[in-house]
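Residues per chain, in single letters:
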Amino acid sequence: MSDNLVKPENFLFGESEKDALELDCGKKLHSVNIRYETYGELSPDGTNAVLIQHALSGDAHVSGKHAPDDKKSGWWDEMIGPGKYLDTNKYFVVCSNVIGGCAGSTGPRSINPKTGKLYNMDFPVITIADMVRAQKRLMEHLKIKKWLSIVGGSMGGMQALEWAIDYPDLMESVIPIATTARLSPQAIAFDWVGRQAILADSNWHDGNYSEGDTQKGLSIARMLAHITYLSDESMKNKFGRELQDSPSYSFAFKRDFTVESYLEYQGQRFTERFDANSYLYITRATDYFDISAKADGDLAKALEPVKCHFLVVSFSSDWLFPASQSEDLVKALLKNQCEVSYCEVQSSYGHDAFLLEVDTLGKMISDFLHNRQEAVRGR
Amino acid sequence: MVDKLKQQLSKRPDILTINKIIPPDCRVLDLGCGNGVFLKLLELEKNVRGLGIELSQDKIMESIATGISVIHGDLNNKLDFADDYSFDYVVVSNTLQEVKRPDHLLQEVVRVGKKALVSFINFANIKTRSQLFLKGTMPESKNLPYHWYDTPNIHLATIRDFRDLCSSLNIKIIKEIPLGKNNFLAKSLPNLFAANCVFEITKLEK
Chain A
1 MSDNLVKPEN
11 FLFGESEKDA
21 LELDCGKKLH
31 SVNIRYETYG
41 ELSPDGTNAV
51 LIQHALSGDA
61 HVSGKHAPDD
71 KKSGWWDEMI
81 GPGKYLDTNK
91 YFVVCSNVIG
101 GCAGSTGPRS
111 INPKTGKLYN
121 MDFPVITIAD
131 MVRAQKRLME
141 HLKIKKWLSI
151 VGGSMGGMQA
161 LEWAIDYPDL
171 MESVIPIATT
181 ARLSPQAIAF
191 DWVGRQAILA
201 DSNWHDGNYS
211 EGDTQKGLSI
221 ARMLAHITYL
231 SDESMKNKFG
241 RELQDSPSYS
251 FAFKRDFTVE
261 SYLEYQGQRF
271 TERFDANSYL
281 YITRATDYFD
291 ISAKADGDLA
301 KALEPVKCHF
311 LVVSFSSDWL
321 FPASQSEDLV
331 KALLKNQCEV
341 SYCEVQSSYG
351 HDAFLLEVDT
361 LGKMISDFLH
371 NRQEAVRGR
Chain B
1 MVDKLKQQLS
11 KRPDILTINK
21 IIPPDCRVLD
31 LGCGNGVFLK
41 LLELEKNVRG
51 LGIELSQDKI
61 MESIATGISV
71 IHGDLNNKLD
81 FADDYSFDYV
91 VVSNTLQEVK
101 RPDHLLQEVV
111 RVGKKALVSF
121 INFANIKTRS
131 QLFLKGTMPE
141 SKNLPYHWYD
151 TPNIHLATIR
161 DFRDLCSSLN
171 IKIIKEIPLG
181 KNNFLAKSLP
191 NLFAANCVFE
201 ITKLEK
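Residue numbers (this note's numbering), protein chains in the order written: chain A, 1 to 379; chain B, 1 to 206.
There could be a bad hint or two in this list.
[Stated by the list, open to error] With a cut-off of at most 20 Å between alpha-carbon atoms, the simulated DMTMM-like pairs for lysine to aspartate or glutamate come out as follows:
(1) B:Lys59 / A:Glu339
(2) A:Lys335 / B:Glu140
(3) B:Lys11 / B:Glu140
(4) A:Lys84 / B:Asp80
(5) A:Lys331 / B:Glu140
If you are wondering where the hints come from, they were derived from the structure by calculation, not from laboratory data.
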């Protein structure tokens, strides 16, 4: 089989005052670029469009390769592609980078059109709803009338929920995976510590660091966050108490354990592809995420506008967005007489399971989408 | 499609009996919905809005493939996702005997459903009785295909037991439909000859 090659696209809007993107913080964002990728073809009846939402550190490159000699494929390549669970021979798949991100869409390291310099900390604080509002523009640009489904894990699931409330007529279904309707104080706390590491980095320079600066703070933030994506069991299985380089302890504070080496590597690698300022802005957006806030904390009331079908998936060992938070969402949806299916998948992978339990998740998504499309076409 | 689904359910006379009772256009909760085929049948044949509850991940996945709404849930817990009388019918087919406290589940069932349809294996059936009486071993049969030590059926009961429980829980029995190979005998002496029984019940208002 030939490589599934894909070309990243850009959609620019908001050049005029009228067209600018209004943000929850009250400011407006001008000259907004959305980096996106599409796979497959939109069917003549328009019933096969699926929007994929990436998580905190993801990007628009969800499947395939940009060039045949790319070492790595898109971040959900096992799930999405020709003949895969989310079959791009059958569905038209769209994935876009969130605003505030650092993988092609407008973010803090973009040029501020007013000053001609990088935004850095002048970038407005954005929310999940802002990200979704920007995506809605992309949807119009792509002339998609209605999504068959909006699928996302973790922060991607938050965007999926936001879509269902803000634009209830624009999708047949949503699939929020390993996510929550409101970020827990525990998750907010981890975000806070991660950001403190960035802010305390002497090379951060109030966000005005230059390209070659080391991003030690960002790597510490990533190491901390990475622990929250694993589980006690998966760490035991993966690392045990193994020592990395030497058969005995160093009796010093350099890394001894495999787990330390792993985290160091993950932290370092992250700084090569991610931006410290984006990390600040995106984690802040998730902190502010609480769909019940507008309804005085009443989740069911907040979900009243919702019209679409739901497939909610959680993972048994996820302690960052535990199953109980998905259950709260499901209960609120049921209270509103919504059509909802829910599965807590047994997995030892922790929060990361949403990327690793591909076969279980893939079969569910594939069957669910198939039935949704049949129902739409049968109408 | 409907015929195909009925064919799949042909070995479950209790479900086919329950199917005859459920009217069109209502809201049904199926506790222990398995692969979801029964709810799919109700949806196609009677325009029923269904919701299944299932504990097994494999069966949840089968239900999603069947195309019904299914929720991961443990019937040993309260049905706290559902408001009082939020379903027209709650179906509990051959499931009651597997939960830790059938009495607690029954109370929840008549709370969330205006009516409920409960079926279970009648342990006082002549075949079961005679195995226990003549062989002196715990009964095994097509309906009870387990050994005493590995059976999920931890609370087997008889028709008479069920009637007594309903009475003590203030539950009204609207209808009782005994099922057996010999229909005449099952109807005349249900506790002795019915292999299975479907009860239609509701909460008795004080």
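Hint check results:
1. B:Lys59 / A:Glu339: holds, 18 Å
2. A:Lys335 / B:Glu140: violated, 42 Å
3. B:Lys11 / B:Glu140: holds, 18 Å
4. A:Lys84 / B:Asp80: The given pair, whose Cα atoms are some 37 Å apart, is violated under the 20 Å limit.
5. A:Lys331 / B:Glu140: violated, 40 Å
Figure legend: structure checked against the earlier numbered hints; hints not met, in rising order: 2, 4, 5.
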